[in-house]
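The numbering of the sequence shown is the numbering used here, which starts it at 82 and goes up by one.
Don't take each hint at face value.
[Stated by the list, open to error] Computed beta-carbon distance windows for the label pairs:
#: 1; residue 1: D248; residue 2: S154; range: 18 to 24 angstroms
#: 2; residue 1: D140; residue 2: A235; range: 31 to 37 angstroms
#: 3; residue 1: S83; residue 2: P185; range: 22 to 28 angstroms
#: 4; residue 1: Q156; residue 2: R87; range: 32 to 38 angstroms
#: 5; residue 1: A235; residue 2: S154; range: 38 to 44 angstroms
#: 6; residue 1: Q156; residue 2: P112; range: 32 to 38 angstroms
#: 7; residue 1: R87; residue 2: E149; range: 16 to 22 angstroms
#: 8; residue 1: R181; residue 2: S83; range: 40 to 46 angstroms
#: 9; residue 1: R94; residue 2: D234; range: 28 to 34 angstroms
If you're looking for bench data, these hints aren't it; they were derived computationally from the structure. Yeah, the Cβ is synthetic: ideal placement off N, Cα and C, and Gly gets one too.
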Amino acid sequence: MSLRYRRASEQNRVAWRNGAGLTTELASDPPGGGATTDFVWRVSMAEVVENCDFSVFPDVDRTILLVEGESMSLQLSGTEHALTRFEPFSFDGGVDVRCRVPGPTRDLNVMTRRGRASATVVVEQVLGARPLGQADHLVIVGVDGSVSLQAADATVTVASGDVVELDEPALVTGSGHLAVIRVRTNS
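Given these sequences and hints, build the entire structure.
Structure, rendered in structure tokens:
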């Protein structure tokens, strides 16, 4: 694989593990891993429209990123954590989490199986042209705006909700925000 691109409309929606909502699966190892299988890593986008409990994933490290909506707060281990837009928050997927929202939100979830993979999540603002570095596996998710991504063998336009997976350096141009997930797997 050098570059794999999927539009937002081509993504699979799956039920949360606890059945309390739906998420759009963007990328995973193995591909099409879903919420209930033994994935090594998984990237998804969830819409949260009311207060709810998150699914519990033992032995999984999670990072959540609020991409749309006024605010979101997570209560875990007796502590309240206020999430702000584009600021990643990492936590143990095996703990009980209560989510509170004042209205509809959309969040990006990155989950890695502890001991088998790890990931970093950042939101990068694209204004003009700039390179993206390399990782074992790079997952790019369009958050807003329109950004062109050029790799060695293809150029694609990334809009909100679109996803690109690649394992080589790339150049991005345009105006918008991208969630950049760098996944490292343990051999």
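Hints, verified against the model:
{"no.": "1", "hint": "D248 <-> S154: 18 to 24 angstroms", "in the structure": "36 angstroms, violated"}
{"no.": "2", "hint": "D140 <-> A235: 31 to 37 angstroms", "in the structure": "36 angstroms, holds"}
{"no.": "3", "hint": "S83 <-> P185: 22 to 28 angstroms", "in the structure": "36 angstroms, violated"}
{"no.": "4", "hint": "Q156 <-> R87: 32 to 38 angstroms", "in the structure": "34 angstroms, holds"}
{"no.": "5", "hint": "A235 <-> S154: 38 to 44 angstroms", "in the structure": "40 angstroms, holds"}
{"no.": "6", "hint": "Q156 <-> P112: 32 to 38 angstroms", "in the structure": "33 angstroms, holds"}
{"no.": "7", "hint": "R87 <-> E149: 16 to 22 angstroms", "in the structure": "19 angstroms, holds"}
{"no.": "8", "hint": "R181 <-> S83: 40 to 46 angstroms", "in the structure": "42 angstroms, holds"}
{"no.": "9", "hint": "R94 <-> D234: 28 to 34 angstroms", "in the structure": "29 angstroms, holds"}
Hint compliance for this structure: hints 1 and 3 are broken, all remaining hints hold.
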